[in-house]
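Trainee: Single-letter residue listing:
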Amino acid sequence: MSNPRADGVETYRGEQQRMGFFTDTSVCIGCKACEVACKEWNAVPEDGLVFTAQSYDNTGELGANTWRHVAFVEQQVEAHDGTTDAMRWLMSSDVCKHCTHAACLDVCPTGALFRTEFGTVVVQEDVCNGCGYCIPACPFGVLDRREIEDDGRVWKCTLCYDRVGDGMTPACAKACPTESIQFGPLDELRERADDRVAELRDAGEQDARLYGADPSDGVGGFGAFFLLLDEPEVYGLPPDPVVTTRDLPEMWRAVGAAALGLAGAVALSMLGRRR
Amino acid sequence: MGSNMAECHPVGFQWVMEAKRRGAEVIHVDPRYTRTSAVASSHVQLRAGSDMAFLGGLVHHILESRRDFREYVLEYTNAPVIIDDRFLDTEDLDGLFSGWDPEKKTYDTTTWQYEGMEVAASAGQRELGATAGEQAGHGGHGSTMHHGEPPSEDRTLEHPRCVYQLLRKHFRRYTPEFVEQTCGVPRDQFLRVAEALCDNSGRDRTSAIVYSVGWTQHTVGVQYIRAAAIVQLLLGNIGRPGGGILALRGHASIQGSTDIPTLYNILPGYIPMPHVHAHQDLRTFVESNAAPGGFWGNMEAYTVSLLKAYWGDNATAENGYCFDYLPRISGDHSIYASVLGMLDGTVEGMIVAGQNPAVGSANSRLHRFAMAELDWLVVRDLFEVETASFWKDGPEIERGELRSEDIGTEVFFMPAAAHTEKDGSFTNTQRLLQWHHKAVEPAGDCRSELWFYYHLGRIIREKLAGSVDEIDRPVLDLQWDYPTAGEIAEPSAEAVLREINGTGPDGELSAYTELKQDGSTSCGCWIYCGVFADATNQAARRVPGSEQTWVAPEWGWAWPANRRILYNRASADPEGRPWSQRKRYVWWDEREGKWTGDDVPDFEPAKRPDYVPPDDAKAQDMIAGDHPFIMQADGRAWLYAPAGLVDGPLPTHFEPEESPFPNGLYGQRSNPARQRFPRPGNEYNDDADGDRFPFVFTTYRLTEHHTAGGMSRTLEYLSELQPAMFCEVSPQLAAERGLEHGGWATVLTRRSAIEARVLVTDRLRPLRVQDRIVHQVGLPYHWGWRGLSTGGAANDLVSITLDPNVHIQEVKAATCDVRPGRLQPGTGGGERP
Amino acid sequence: MTSTERTGHESYYGRPILKQPVWKSEVGWYLFTGGLAGASASLSLAARMAGNRSLARTSSLVAAAAVNVSPLLLVKDLGRPERFLNMLRVFKPTSPMSVGSWLLAATGTAQSAATTCELLDVLPRVGGGAQACAGLLGPALATYTGALLSDTAVPAWHEARRELPAVFAASSCASAGAAATLVGDVRATGPARRLAVLGAAAELVATGIMERRLGVLGEPYRQGRAGRYARVAKPATAAGLAVTALGRGRLRRAGAALILGGAVLQRFAIFEAGKASARDPRYTLALQRQHAG
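Same order as they appear, the protein sequences are chains A, B and C. Be aware that the first sequence starts at 1, since it is given in the working numbering, and climbs by one per residue. Be aware that the second sequence starts at 1, since it is given in the working numbering, and climbs by one per residue. Be aware that the third sequence starts at 1, since it is given in the working numbering, and climbs by one per residue.
So that you can see chain A by itself, here it is in the shape it has in the complex (with noise of 0.2 Å):
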């Protein structure tokens, strides 16, 4: 991991505190000004015009030209007052999760990717050559190059980082109007959401749960979390996220083996005749 404190992340040791978003998707309206602020505000390119008759979803996914994504499920429910056949229309903004754990900056190899003061993770774009490392390397497929003329390099959502380090609200949380996108101190976050899901429960939306709000789980809780109102992966999500790096000791260690056995089968090969 890369230099982890006791709560895994390797904060500035500055006056910030950790800041992220809770999305509350249950209040989502999927009207996408997430998206088009966010674009307009860090000049992010369009990413095609393509028809792709997935419900509303357009857009597709993250990458190098989509920060905030849109997702539209519509599902067959049984309705709250008992008649079948009802509708259920999920919408869900999905965006970078600031891993705790951040496999793609673990791996960085110019060392592009840093964690700010906030508890963020960012890409600094004169610094990236476009290995590409990062993006395999992502549980969540967040990352992409952005393969435009000149570019090459790769590029993410970084929490408005020229907005928050001014004391304003990323661009998305602000644009969102219902406050489905909720930016602040993750503590707090955290607190509010745990609030949102009881509430939800109780008003028998059983299915609400939290995704990445937990700091056991595999990349040791988002600094982007969610509210979901269905699995994971009918959102397009991974149930169960792990940061490749955690295995990382174990893959040193079979490397050092192999390259032992290497060293020693070069060694072997040397008895016997030289012709």
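Among the hints, erroneous ones may be present.
To be verified - Computed from the model, here is a short list of chain A residues facing chain C with C-beta under 8 Å:
{"hint": "1", "residue": "Val107"}
{"hint": "2", "residue": "Gly141"}
{"hint": "3", "residue": "Arg145"}
{"hint": "4", "residue": "Ile148"}
{"hint": "5", "residue": "Arg209"}
The hints are simulated quantities; they were obtained by calculation from the structure and are not laboratory data. Every residue, glycine too, gets a C-beta built ideally from N, C-alpha and C.
Using the hints, position chains B and C against chain A.
Mentor: Just chains B and C now, kept in the frame of chain A:
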């Protein structure tokens, strides 16, 4: 209902979500399951165009189960009033009211009146001639009232001709079974909604109805709203916090565009436009349009002040304040009448500002042909929209139906500044004026509306200067001296706002009650008087909600008088006490001798609740102390509207012009007074077409785009969110027609055809109506052929068929067919208009 | 309160959950050339220490060629090739690519120095020292790529993290030995031949164990493009092994070529299998539902 608020008004919708969080129940009644339905407490799916049956069913339920708020109904509405004995209802005449003239296709409304009284629309005769006009029904002309009350009433509500009993009779057959048969809503589901509404109304609780163009864009649009008004009045929800009927508008300032109107038949503040024959002078105009009762009794003061604003010192008592200079109307000059006039050669030119009729108006194909007949066309817009380019790249050019070289229209495209590039105000649906400030200079040749019209006027006046021709006097005598600033000589928007607010001998006026008819006051719009009170731009106020009361009166300025809920006297009982503490809003303070509360009381401040008007009272003095509906001469809310509407005093279920079903109640199938224009290019289905176009379709918006797409399909970030025109169909319809999810389909109507991608979804379930299955097709109407995202225009499919009261097009329910595959090149056109 | 019956979305419209690596065939080739370079450097050192100057020289040349082609391949694959030096901004043990960049830089410098001294016949001590460095770093250079691939979320790689370094070690030995056999003096390349045969055998065994241990995640290795590569690689390696071991004269060079070809294809098979496993959400879900269960 009739609204997709989450998708079309997402920012406003945050307050619905907030209410829901605090325990409100949100019921969404809509032909489709939309993003609003997804977050509502429940969704009720009904057949597009059958809303009246549903609303009538609610009225029936309230009346028959005695769930009305009796004291409110008795005291504040015209429920006890007895109607003329010659009145006949749709129950008597199989779908007609008394007074129908089948040749003229109009109603003589004499038999609809209150017994013993002549009631006419007191806010004026908005139009004379074949049709009546916009918002004509603001109150009753009460010349024979006794102490402010109509002569014949039955306060026991039992007289067979009292309004209450007429309502019962009229809606007797609007049973839950009828609702199920007509709307496709299971009766149990309907009753749950009805009960929820009733349970949540009364002294302690109020319910609100929200609608948008899903209700207005029908041949019975105005009557839909009337039906909602009846429901809310019976339940006592009008004038009370958390109640009311909220109209969500289609544009940021469309309320403003009727307040300071861009409509042909009204002047600022809803004063009627004078008619060429009926209103030869100011005196006649005022007499025929003012009401002796209510605040419209001051019509002369409002009109004279307006004339002073237009012509300044040139307007004097001697010349009737230049009343002669006002243009006159001679009939129906609404947009659709004008467009047909273009085809017929009676309209030669048009200025189109921020509108895109080539793809945005009903029967947009016909509009394109019409514009091809113009001599000249000016288009002002942010982008070169389809209306500016139809002559070179429209579908008719592609199909070879028109050739550019044959189109004689001279088209001027004038680039427009965006709202961030100019000062100005928006007036949105709750009558709230909010100022916006210029943030950047417009680029290149882009100019604001204000700049365009001011300099156009200036240049015309310069060209006419020195003329002795009488016909030029109205333009030359105008007060046209706005200050300008900057390199491009931008006129001061605040100066215009001041002029609208009005001035008197002592400077800026503060209230419309200060307006005089002696020429000493000038006011550009009486309902806006007060927006610049104390020489301050009240519309620019931005006190945060956390720093003021819950009514938030210091954010912007609402007309009239910064009052936030109209008719709020109704939030108190006849004695002036709140109906309940929980729902207190405005009440009578006996000690202070005035009305007080959380909002500006919508009542004369010192008028006691027990005030009884003397017989010779005039204007607002005719309103009793316990009658909150002060814009009516009788001070009451009209459950039954004796005047002001051309198609009936009571809302009636009629089928849309195009429908797969007969009327389940009456022989009269559709609104008899609706405006039809059968002509080539605007053909209607005939009986033989029942099978050709078996599916109901409705048109609507998506969050991602804006109207005809000029402001959204030209932008990458929005175009990529919804990149293609598509139709929404159920899996069952897709199977029946062989439509492939994600593939292409062609949608056809009697007039034209377009192509669209296919989105198969369960959100548009087939409905069971009149014992058979009917399919509905959903069509967003945002597309046209220009921009980053292009596609077929849904408006090409619809006809021009209008509500007779306000000339609004019926685009929310019609019939079509859907076939798999793309439109073949060169096809899709219909008859040449 | 209510039970909900879902009409089953087990994935989001079948879309991938992960992003597949954006690395192109240059990286596939690098897996081969890096391994070849590392093992050849060790072979050269061992030969030198055993007094087999001919083999030492041959392997040194192979190593130098491979170790200098390698950075060209990697730099070409970068999104911003002109920023390749940023690889040396930091040294991060948590990043196999960081470690590998330094390894490649160090081994490359050392081996190039050693081979230069050899060819120009100057500074023998420097050359010897350089070869020693290169030879000692060689095994690491040849095997770290196993960690490089494993240290991702790619199911077919991550779950093979214990076996991949061994597969690469074996493949590198096979490649180094085969290369030397192919281009070297037959009178001195006996050890190379033995290394090639040993490596090839180990490669086949290690790959087999890896695929078996992967279970359902072994599917991507058998299907699609990866499967096609593997179905040529394995017989080629096996045939090459047999021919090199048992053949005489020119046949041995032929066998060596087969082993080399098999090694290249095997690297590409692993490369493609990973990408395929990232593209299909089923693999991520299968793996994680195990954990969650």
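Trainee: Compare the structure with each hint and give your call.
Mentor: Hints versus structure:
1. Interface hint status for A/Val107: upheld, as the beta-carbon distance to the closest one in chain C is roughly 5 Å, under 8 Å.
2. A cut of 8 Å between beta carbons decides the hint on A/Gly141: the least distance to chain C is about 4 Å, and the hint holds.
3. A cut of 8 Å between beta carbons decides the hint on A/Arg145: the least distance to chain C is about 5 Å, and the hint holds.
4. Hint on A/Ile148 is violated. Least Cβ distance to chain C is approximately 10 Å, over the 8 Å limit.
5. Against a cut-off of 8 Å between C-beta atoms, the interface hint on A/Arg209 is violated, since the closest Cβ of chain C lies about 12 Å away.
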